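Whenever a hint applies, use it, and build me the whole structure from the sequences.
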Amino acid sequence: MKILFKRIEKPDYKPDIKSYLKNSDFKALKKALRMKPEDILNEIKKSGLVGRGGAGFPTGLKWESAYKTQDFPKYVVCNADEGEPGTFKDRIILEKDPHSIIEAMIICAYTIKAKCGFIYIRGEYFKAYEVLKKAIKEVEAYGFLGENILDSNFSFKIFLYKGAGSYVCGEETALLDSLEGRKGQSRIKPPFPTFVGFKNKPTVLNNVETLANIPHIILKGGEWFSKIGSKNSPGTKLYCLSGDIKKPGVYELPTNVTLRDLIYKYAGGPKGKIKVILPGGVSSPVLLKKDLDVIMDYKEVEKKGSMLGSGAVIVINEKRCIVDINKRILDFFNYESCGRCAPCREGIKRAKEILEFISEAKADLSDLELLKELQEVLFDTSRCGLGQAALNCVRSSIDKFYEEFKEHIVEKRCKVGVCRVGR
Amino acid sequence: MKERESEEYKNRCEEIINFYPDKRQALLPLLHLAQQKFGYIPKEITLYLAEKLQLPKVKAWSTVTFYSMFSLKKQGKYVIRVCNSLSCYLKGAKRIIEIIKEELGIKEGQTTKDKRFTLEVTSCLGLCDISPAMMINEKVYGNLTPQKVRKILLKYKKE
Numbered sequence: 003m004k005i006l007f008k009r010i011e012k013p014d015y016k017p018d019i020k021s022y023l024k025n026s027d028f029k030a031l032k033k034a035l036r037m038k039p040e041d042i043l044n045e046i047k048k049s050g051l052v053g054r055g056g057a058g059f060p061t062g063l064k065w066e067s068a069y070k071t072q073d074f075p076k077y078v079v080c081n082a083d084e085g086e087p088g089t090f091k092d093r094i095i096l097e098k099d100p101h102s103i104i105e106a107m108i109i110c111a112y113t114i115k116a117k118c119g120f121i122y123i124r125g126e127y128f129k130a131y132e133v134l135k136k137a138i139k140e141v142e143a144y145g146f147l148g149e150n151i152l153d154s155n156f157s158f159k160i161f162l163y164k165g166a167g168s169y170v171c172g173e174e175t176a177l178l179d180s181l182e183g184r185k186g187q188s189r190i191k192p193p194f195p196t197f198v199g200f201k202n203k204p205t206v207l208n209n210v211e212t213l214a215n216i217p218h219i220i221l222k223g224g225e226w227f228s229k230i231g232s233k234n235s236p237g238t239k240l241y242c243l244s245g246d247i248k249k250p251g252v253y254e255l256p257t258n259v260t261l262r263d264l265i266y267k268y269a270g271g272p273k274g275k276i277k278v279i280l281p282g283g284v285s286s287p288v289l290l291k292k293d294l295d296v297i298m299d300y301k302e303v304e305k306k307g308s309m310l311g312s313g314a315v316i317v318i319n320e321k322r323c324i325v326d327i328n329k330r331i332l333d334f335f336n337y338e339s340c341g342r343c344a345p346c347r348e349g350i351k352r353a354k355e356i357l358e359f360i361s362e363a364k365a366d367l368s369d370l371e372l373l374k375e376l377q378e379v380l381f382d383t384s385r386c387g388l389g390q391a392a393l394n395c396v397r398s399s400i401d402k403f404y405e406e407f408k409e410h411i412v413e414k415r416c417k418v419g420v421c422r423v424g425r
Numbered sequence: 553m554k555e556r557e558s559e560e561y562k563n564r565c566e567e568i569i570n571f572y573p574d575k576r577q578a579l580l581p582l583l584h585l586a587q588q589k590f591g592y593i594p595k596e597i598t599l600y601l602a603e604k605l606q607l608p609k610v611k612a613w614s615t616v617t618f619y620s621m622f623s624l625k626k627q628g629k630y631v632i633r634v635c636n637s638l639s640c641y642l643k644g645a646k647r648i649i650e651i652i653k654e655e656l657g658i659k660e661g662q663t664t665k666d667k668r669f670t671l672e673v674t675s676c677l678g679l680c681d682i683s684p685a686m687m688i689n690e691k692v693y694g695n696l697t698p699q700k701v702r703k704i705l706l707k708y709k710k711e
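Chains as they are written, first to last, in the numbering used here: chain P, 3 to 425; chain C, 553 to 711.
No wet-lab data here; the hints were simulated from the structure. One or more hints might be untrue.
[To be verified] No farther apart than 16 Å at their CA atoms in a straight line, the calculated lysine to aspartate or glutamate pairs in the EDC-like style are these: (1) Lys129(P) / Asp574(C); (2) Lys646(C) / Asp326(P); (3) Lys16(P) / Glu140(P); (4) Lys691(C) / Asp369(P); (5) Lys201(P) / Asp574(C).
[What the hints assert, rightly or not] What follows is a set of in silico ranges between Cβ atoms, one per label pair, in the way DEER data are often shown: (6) Lys709(C) / Leu294(P): 43 to 53 Å; (7) Glu320(P) / Gln588(C): 41 to 51 Å; (8) Glu650(C) / Glu375(P): 33 to 43 Å; (9) Glu555(C) / Gly274(P): 53 to 63 Å; (10) Lys8(P) / Met553(C): 44 to 54 Å; (11) Lys609(C) / Val379(P): 53 to 63 Å; (12) Leu599(C) / Lys292(P): 45 to 55 Å; (13) Lys609(C) / Arg347(P): 16 to 26 Å; (14) Lys589(C) / Glu149(P): 25 to 35 Å; (15) Lys408(P) / Gln588(C): 26 to 36 Å; (16) Lys653(C) / Lys248(P): 27 to 37 Å; (17) Asp366(P) / Gln588(C): 21 to 31 Å.
[Said to hold, decoys possible] Chain P stretches covered by chain C per the calculated footprint, using a threshold of three residues with CB under 8 Å from any CB of chain C: (18) 79-93; (19) 159-171; (20) 177-183.
Note that the coordinates shown come from a computational prediction; the quantities given were computed from them, not determined experimentally. Positions of the beta carbon are idealized from the N, C-alpha and C atoms, including for glycine.
As structure tokens, then:
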């Protein structure tokens with residue numbers, strides 16, 4: 003069952019408007035423009051669609067919240083700042099089916115009464131940027147975007163905006179600051195962007211994959227969508243498989259697929275024996291082999307103590323050292339922390355130092371308690387998701403691989419021979 | 553920075569500032585343009601933009617230094633971005649980075665003396681399906697092996 007990749011995977015499908023007209027003809031938009039905004043909201047709510055960027059917030063409620071806010075102008079923003087390590091799904095949609103995103107944004111704008119929208123795309127996606135730029139021009143030329151769309155009194159314009167290399171800008175409020183031409187540093191929530199967003203005006207921010215689902219829901223109805231995949235978060239999901247896996251890539255599957263099937267049935271199985279799996283990129287706590295039967299939807303993964311996030315499934319085999327993996331992850335967070343709040347800025351730096359001490363046989367067991375405490379402080383007090391999630395992986399690793407950490411510290415031994423301990 | 557280049561740049565600023573719904577929004581696009589045109593963000597340009605957009609100098613300056621794609625030092629003709637995030641790391645990014653350093657005789661963040669290559673080790677580039685991966689300017693290279701990297705670099709060196 004495929005929804006988003008159905009068109010893309012046709013051998014002759016190109017990211018130009020002719021292919022899009024032939025395959026979709028903006029039917030969803032035409033239908034939406036004949037519907038009342040309330041009816042559109044009902045369909046989206048009925049569909050059960052939840053945001054695919056990581057937080058899993060119900061899209062219908064988000065749109066409704068912006069719709070109800072009586073403060074103008076309003077804005078629609080597409081978050082194309084995909085940056086969670088292990089995530090590369092949005093890139094595929096942006097490069098191969100850009101028009102679907104544009105169509106979805108127009109539908110959203112019509113619903114919440116916005117006149118202006120932005121696609122915030124990460125700076126390193128050069129190809130996707132060019133593809134989108136061309137697509138926006140095409141859609142304008144065909145009269146689906148601009149003044150009086152399809153002879154209605156509804157007008158909407160989309161601007162493409164390029165990020166400049168910053169992971170935290172994928173966080174919605176940091177993205178808004180960046181989009182305003184500032185440093186990308188997060189804002190305190192609430193107020194949520196649907197009330198106070200771009201230029202402090204009501205703003206709907208949706209992930210690329212979330213938006214790509216919208217035209218299909220409008221065309222086939224919310225009820226149709228709600229019956230696909232799991233009950234908690236219906237539909238399909240783009241799962242990104244990478245790491246120690248035989249066939250890395252993006253797999254579109256209904257959300258009731260198990261992690262086991264994802265790895266063994268679709269991605270060719272692991273390379274080597276599985277040690278841990280990160281189901282939602284480096285921000286997610288680790289899962290073990292015994293968790294393989296988890297259903298890959300937001301709630302079920304959470305029940306296992308982890309999070310689905312953007313669906314970046316990173317498989318890690320037994321030849322890897324758990325200390326070394328976490329050290330690499332904290333290097334990343336340390337580099338990407340925006341520096342706005344102290345828990346994140348200082349906490350990650352200290353956690354990284356402790357891991358370095360462990361790998362160099364300079365730590366003692368009480369340092370593990372310190373790491374756990376740091377995780378709790380960061381989780382509770384960081385301004386945004388970056389700091390809150392930065393130590394998830396190391397915390398769960400200590401809980402599940404205590405012996406391996408202890409071996410490094412007490413016996414000064416790294417059994418897989420990666421760390422410099424004892425050398 | 554040559555004076556003529558600087559003039560050309562300033563002539564295009566107005567158009568970009570007027571393009572966006574909000575004036576301040578133009579800052580990032582203007583910095584992208586400067587990076588592209590000069591290979592770095594000259595201090596003079598930052599000050600010029602602060603004045604043009606009526607921003608305190610510190611705000612313009614801190615925006616420049618916040619983003620990794622803007623550099624204060626002139627970059628080489630070819631900017632090599634090698635990913636070192638987890639998926640690429642698992643597939644041997646560390647070795648790939650060592651080889652590039654050896655081949656070019658520079659460290660991370662440095663530019664070769666002939667001003668042709670800059671090496672940057674970056675966060676995830678969204679190329680995990682073809683990891684280990686790198687970009688040279690806008691071109692993507694994936695499934696890298698030591699031999700493959702040497703061959704690619706040789707091609708650029710000959711150009």
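Quick rundown of the hints versus the structure:
1. The straight-line distance between the Cα atoms of lysine 129(P) and aspartate 574(C) is roughly 26 Å, outside the 16 Å bound, and the hint therefore fails.
2. Straight-line distance between C-alpha atoms of lysine 646(C) and aspartate 326(P) comes to about 13 Å, which keeps the hinted pair within the 16 Å bound.
3. Proximity of lysine 16(P) to glutamate 140(P) is assessed by CA-CA distance (about 14 Å); at most 16 Å being required, the pair is judged to hold.
4. Restraint check: the Cα-Cα separation between lysine 691(C) and aspartate 369(P) comes to about 44 Å, which exceeds 16 Å; the hinted pair is violated.
5. Between lysine 201(P) and aspartate 574(C) the CA atoms are separated by roughly 9 Å; this keeps the pair inside 16 Å, and the hint holds.
6. One distance hint, 43 to 53 Å for the beta-carbon pair lysine 709(C) and leucine 294(P), holds here, with the actual separation near 47 Å.
7. In this structure the supplied range 41 to 51 Å holds for glutamate 320(P) paired with glutamine 588(C), their Cβ-Cβ distance being about 46 Å.
8. One distance hint, 33 to 43 Å for the beta-carbon pair glutamate 650(C) and glutamate 375(P), holds here, with the actual separation near 36 Å.
9. Take glutamate 555(C) and glycine 274(P): their Cβ atoms lie about 59 Å apart, and the range 53 to 63 Å holds.
10. Against the hinted window of 44 to 54 Å, the Cβ-Cβ separation of lysine 8(P) and methionine 553(C) comes to about 50 Å, which satisfies the hint.
11. Our hint of 53 to 63 Å for lysine 609(C) and valine 379(P) is violated, since their Cβ atoms are close to 35 Å apart.
12. Remark: the range hint 45 to 55 Å for leucine 599(C) to lysine 292(P) is contradicted by a beta-carbon distance near 59 Å.
13. Range check, lysine 609(C) to arginine 347(P): Cβ separation about 24 Å, and the 16 to 26 Å hint holds.
14. Between lysine 589(C) and glutamate 149(P) the Cβ separation comes to about 33 Å, which falls inside the hinted range of 25 to 35 Å.
15. Between lysine 408(P) and glutamine 588(C) the Cβ separation comes to about 52 Å, which falls outside the hinted range of 26 to 36 Å.
16. At roughly 30 Å, the beta carbons of lysine 653(C) and lysine 248(P) sit within the given window of 27 to 37 Å.
17. As the Cβ distance of aspartate 366(P) to glutamine 588(C) is approximately 51 Å, the hint placing it in 21 to 31 Å is violated.
18. Requiring three or more residues with a Cβ within less than 8 Å of a Cβ of chain C, the coverage given for the region 79-93 of chain P holds, as 9 such residues are present.
19. Restraint check on the region 159-171 of chain P versus chain C: 8 residues with Cβ-Cβ distances below 8 Å, three needed, restraint holds.
20. For the region 177-183 of chain P, the stated coverage by chain C is satisfied: 4 residues place a CB nearer than 8 Å to a CB of that chain, which reaches the threshold of 3.
Checked against the numbered hints above, the structure breaks hints 1, 4, 11, 12, 15 and 17 and satisfies the rest.
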